[in-house]
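*Asks:* Protein chains in written order, with the working numbering: chain R, 1 to 142; chain H, 1 to 85.
Any given hint might turn out to be false.
As the list claims (entries may be wrong) - Reference listing, derived: stretches of chain R covered by chain H, where coverage requires no fewer than 3 residues with Cβ under 8 Å from a Cβ of chain H:
#1 43–49
#2 62–73
As the list claims (entries may be wrong) - Just a sample of chain R residues kept apart from chain H, beta carbon distances all over 10 Å, derived:
#3 Q6
#4 R7
#5 E8
#6 A18
#7 G26
#8 A27
#9 S30
#10 R36
#11 P39
#12 D58
#13 H93
#14 K109
#15 E138
Claimed, not checked - Partial pick of chain R residues on the chain H-facing surface, computed with a CB cut under 8 Å:
#16 V85
#17 L108
#18 T110
#19 F114
Derived by calculation from the structure, the hints in this document are not laboratory data. Think of the CB as a built atom: it goes at the ideal place given N, C-alpha and C, for glycine as much as any other residue.
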Amino acid sequence: MKISVQREDFDLGAEVRAISRSSKTGAVASFIGLVRDVPMTLEHYAGMTENAIRKIVDEAGRRWQVMDCSVIHRYGDLQPNDQIVLVAIASAHRGDAFAACEFIMDYLKTQAPFWKKEHRAAGAEWVEARAADDEAAERWKK
Amino acid sequence: MKIRLLFFASLRERLAIPGEEVDVPPTVTTVGALREHLRDRGGAWADVFAPNRAVRAAVNQAMVQPSAPIKAGDEVAFFPPVTGG
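Chain R extracted, bound-state conformation (with noise of 0.2 Å):
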């Protein structure tokens, strides 16, 4: 299970191969999330974010067969179509691979400790967070 919240970029590829070493792993699932049409610069709550991301990640252990794992965040300053975030999950099947993948993106959305800072043409701006990611999150309590 790896974690990790870093500035530099990362490479599905390595990932992917890292999580699915055990001749058990039937299933790979992945989601990167990138940065569209503006700058931007992340900040985060160092201290805090990993503990967050684990407790999600765990918890999707809870509900799905996750083998390994891997999620990385970046933070700092990122250019249009930079990666921002990933989250890839082993699995033995298909089914728990995709769910814990949407399940912990759709955590990671509204728990863990991210802001993200645009910079346009008319000044720099926070984002502000949108009631659908709430509800996203919202749908795995039922």
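Given the coordinates of chain R, work out where chain H should sit on it, guided by the hints.
*Replies:* Chain H alone, transformed into the frame defined by chain R:
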């Protein structure tokens, strides 16, 4: 009662301070009460912690509700709703 305060993102910028050690009266026993205590400082504090502002909090690096208790030595962080991912 001494508490370590931290502020992030737009709150940090508006308050122009990343954090501070504060000595709060013993009557301030919850995160919600601490928020009101800070609001009473006036100025930018009154604006940032106005009741209609969406402010989230963490005690000792775990997200909590306003009813969460606080005690001496705690690290209490206030920040806007998160926007990562």
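*Asks:* For A27(R), is the shortest CB-to-CB distance to chain H above 10 Å, so the non-interface label stands?
*Replies:* 23 Å, holds
*Asks:* When the nearest CB of chain H is found for L108(R), is that gap smaller than 8 Å?
*Replies:* 5 Å, holds
*Asks:* Over 10 Å to the closest beta carbon of chain H is the bar; see if P39(R) clears it.
*Replies:* At roughly 15 Å from the nearest Cβ of chain H, P39(R) sits farther out than 10 Å, so the non-interface label holds.
*Asks:* Does the stretch 43–49 of chain R contain three or more residues whose Cβ lies closer than 8 Å to a Cβ of chain H?
*Replies:* It holds: at least three residues are needed, and the stretch 43–49 of chain R offers 5 whose Cβ sits within less than 8 Å of chain H.
*Asks:* Over 10 Å from every CB of chain H: does K109(R) meet that, or does the non-interface label fail?
*Replies:* 4 Å, violated
*Asks:* Does the claim that R7(R) lies outside the interface with chain H hold up, using a Cβ gap greater than 10 Å?
*Replies:* 14 Å, holds
*Asks:* Confirm or reject: E8(R) is not an interface residue toward chain H, with every Cβ-Cβ distance exceeding 10 Å.
*Replies:* The claim holds: E8(R) sits with its nearest Cβ about 17 Å from chain H, beyond 10 Å.
*Asks:* Beyond 10 Å from every chain H Cβ: check whether that's true for E138(R).
*Replies:* 14 Å, holds
*Asks:* Since H93(R) was said not to touch the interface, does its Cβ keep a gap of more than 10 Å from each Cβ of chain H?
*Replies:* 25 Å, holds
*Asks:* Holds or violated: is the Cβ of S30(R) farther than 10 Å from all Cβ atoms of chain H?
*Replies:* S30(R) is indeed farther than 10 Å from all Cβ atoms of chain H, at 14 Å.
*Asks:* Under 8 Å between beta-carbons, do enough residues of the stretch 62–73 of chain R, three at least, approach chain H for the coverage claim to hold?
*Replies:* Check failed, 1 qualifying residues.
*Asks:* Would you check whether the claim that G26(R) is not at the interface survives, using Cβ distances to chain H and the 10 Å cut-off?
*Replies:* 27 Å, holds
Of the numbered hints listed earlier, those contradicted by the structure are 2, 14.
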